Amino acid sequence: GAVVSQHPSWVICKSGTSVKIECRSLDFQATTMFWYRQFPKQSLMLMATSNEGSKATYEQGVEKDKFLINHASLTLSTLTVTSAHPEDSSFYICSARFPGQGPETQYFGPGTRLLVL
Amino acid sequence: AQSVTQLDSQVPVFEEAPVELRCNYSSSVSVYLFWYVQYPNQGLQLLLKYLSGSTLVKGINGFEAEFNKSQTSFHLRKPSVHISDTAEYFCAVSGYSSASKIIFGSGTRLSIRP
Chain A
649 GAVVSQHPSW
659 VICKSGTSVK
669 IECRSLDFQA
679 TTMFWYRQFP
689 KQSLMLMATS
699 NEGSKATYEQ
709 GVEKDKFLIN
719 HASLTLSTLT
729 VTSAHPEDSS
739 FYICSARFPG
749 QGPETQYFGP
759 GTRLLVL
Chain B
53 AQSVTQLDSQ
63 VPVFEEAPVE
73 LRCNYSSSVS
83 VYLFWYVQYP
93 NQGLQLLLKY
103 LSGSTLVKGI
113 NGFEAEFNKS
123 QTSFHLRKPS
133 VHISDTAEYF
143 CAVSGYSSAS
153 KIIFGSGTRL
163 SIRP
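Protein chains in written order, with my numbering: chain A, 649 to 765; chain B, 53 to 166.
The hints are simulated quantities; they were obtained by calculation from the structure and are not laboratory data. As the structure is a prediction and not an experimental result, all values here were calculated from the model. Hints may be right or wrong, so weigh each one.
[Said to hold, decoys possible] Derived BS3-like pairs (lysine-lysine); straight-line CA-CA distance at most 25 Å:
no. : chain 1 : residue 1 : chain 2 : residue 2
1   : A       : K712      : A       : K668
2   : A       : K714      : A       : K689
3   : B       : K110      : B       : K121
4   : A       : K662      : A       : K714
5   : B       : K101      : A       : K689
6   : A       : K668      : A       : K689
7   : A       : K712      : B       : K121
8   : A       : K662      : A       : K703
9   : B       : K153      : A       : K703
10  : A       : K714      : B       : K153
11  : A       : K714      : A       : K668
12  : A       : K689      : B       : K153
13  : A       : K668      : A       : K703
14  : B       : K153      : A       : K668
[Said to hold, decoys possible] Sample of chain A residues at the chain B side, in silico, Cβ under 10 Å:
no. : residue
15  : W658
16  : F682
17  : Q686
18  : K689
19  : Q690
20  : L692
21  : L694
22  : T697
23  : F739
24  : I741
25  : R745
26  : P751
27  : E752
28  : G757
29  : R761
For each residue, glycine too, the CB sits at the ideal point set by N, CA and C.
Using the sequences provided together with the hints, build the complete structure.
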């Protein structure tokens, strides 16, 4: 199946710093990517939908100025957690879809674990 | 809009016993249904999905699920579990369109006892 990668797989940072997480679709071009957040022992919550070449669409309650999403190419979307605080510590998972396709062709990355000290 | 409910937060079973993880969904339109597995400290792996056609869907690792439209359910089953099946299992639902989002249930932790 299609492969989605994330980098880094884990990151530890100090409070107040910014962290960038990359999501790449390795063998297909993804016009749409999604970012999810998962707190310990909880489900995945959709944060935003990222469309190549346009602004991301954020879910209600997600601060767009804190979680900056850039989808500059058909194979790369980035999530930057700005001025990270301990409450931002979480598991961040990205997902990508085949162009023009629906959820049936959505593939998930391995996740990035963020720990903010 | 769609929603999904996983009725059991934890399911303990003995090795080689059968298991059923329950999932119910709510939607005003036709849906796709998914089951994902998440092993500790890892991302999601698709177990199986229902798109259309036969209501009995077979997936990887010996799992299967049955779509029941009248009961709005999509329960996951395995006739004989192994220690390696210990993981978190997520049921998910989406609409058909390219704009539809995948919505996840709260998850069921399957723990296998030797």
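Results for each hint:
About 14 Å separates the Cα atoms of K712 (chain A) and K668 (chain A), which keeps this hinted pair within 25 Å; it holds. Under the criterion of a C-alpha separation no larger than 25 Å, the hint pairing K714 (chain A) with K689 (chain A) is consistent with the structure, at around 24 Å. Our distance criterion of 25 Å between C-alpha atoms is met by K110 (chain B) and K121 (chain B), whose separation comes to about 17 Å. Between K662 (chain A) and K714 (chain A) the alpha-carbon distance is near 16 Å, which keeps this suggested pair within the 25 Å criterion.
Between K101 (chain B) and K689 (chain A), the direct Cα distance comes to roughly 23 Å. Compliance with the 25 Å bound is thereby established for this hinted pair. A C-alpha spacing of about 24 Å is found between K668 (chain A) and K689 (chain A), which places the hinted pair at or below 25 Å, so the restraint holds. Taking the CA atoms of K712 (chain A) and K121 (chain B), the gap is about 38 Å. The hint is violated against a cut of 25 Å. Taking the CA atoms of K662 (chain A) and K703 (chain A), the gap is near 28 Å; set against the 25 Å cutoff, the hint is violated.
Between K153 (chain B) and K703 (chain A) the alpha-carbon distance is near 17 Å, which keeps this suggested pair within the 25 Å criterion. For the hint linking K714 (chain A) to K153 (chain B), the alpha-carbon distance of about 22 Å falls within 25 Å, and the restraint holds. Proposed proximity of K714 (chain A) and K668 (chain A) is supported: the alpha carbons are some 12 Å apart, at most 25 Å. Note on K689 (chain A) and K153 (chain B): the hinted pairing holds, with a Cα-Cα distance of about 22 Å set against a maximum of 25 Å.
A distance of roughly 17 Å separates the Cα atoms of K668 (chain A) and K703 (chain A); the hinted pair therefore holds under the 25 Å criterion. Only pairs whose Cα atoms come within 25 Å are accepted, and K153 (chain B) paired with K668 (chain A) is accepted, the gap being roughly 24 Å. Interface hint status for W658 (chain A): upheld, as the beta-carbon distance to the closest one in chain B is roughly 9 Å, under 10 Å. Hint on F682 (chain A) holds. Least Cβ distance to chain B is approximately 7 Å, under the 10 Å limit.
With a least beta-carbon distance of about 9 Å to chain B, the hint placing Q686 (chain A) at the interface is held under the 10 Å criterion. Given hint, K689 (chain A) at the interface with chain B, holds; its Cβ is 8 Å from that chain's nearest Cβ, closer than 10 Å. At a threshold of 10 Å, the smallest CB-CB gap from Q690 (chain A) to chain B is about 7 Å, leaving the interface hint in force. At its closest, the beta carbon of L692 (chain A) sits 5 Å from a beta carbon of chain B; the interface hint therefore holds under the 10 Å criterion.
Look at L694 (chain A): its Cβ gets to within about 6 Å of chain B, closer than 10 Å, so that hint holds up. This hint holds: T697 (chain A) has a C-beta 7 Å from the nearest C-beta of chain B, less than the 10 Å allowed. Interface restraint check: F739 (chain A) against chain B, minimum CB-CB distance 9 Å, threshold 10 Å, status holds. Hint status for I741 (chain A): holds, given a least beta-carbon distance of 6 Å to chain B, under 10 Å.
Given the 10 Å rule on beta carbons, the hint for R745 (chain A) holds: about 8 Å separates it from the nearest Cβ of chain B. With a least beta-carbon distance of about 4 Å to chain B, the hint placing P751 (chain A) at the interface is held under the 10 Å criterion. For E752 (chain A), the shortest C-beta to C-beta distance to chain B is roughly 5 Å, which falls under 10 Å, so the interface hint holds. Because the smallest distance between the Cβ of G757 (chain A) and any Cβ of chain B comes to about 6 Å, under 10 Å, the interface hint for this residue holds.
With a cut of 10 Å, the hint placing R761 (chain A) at the interface with chain B holds, because the nearest CB-to-CB distance is about 7 Å.
Violation of the numbered hints given earlier is confined to hints 7, 8; the remaining hints are satisfied by the structure.
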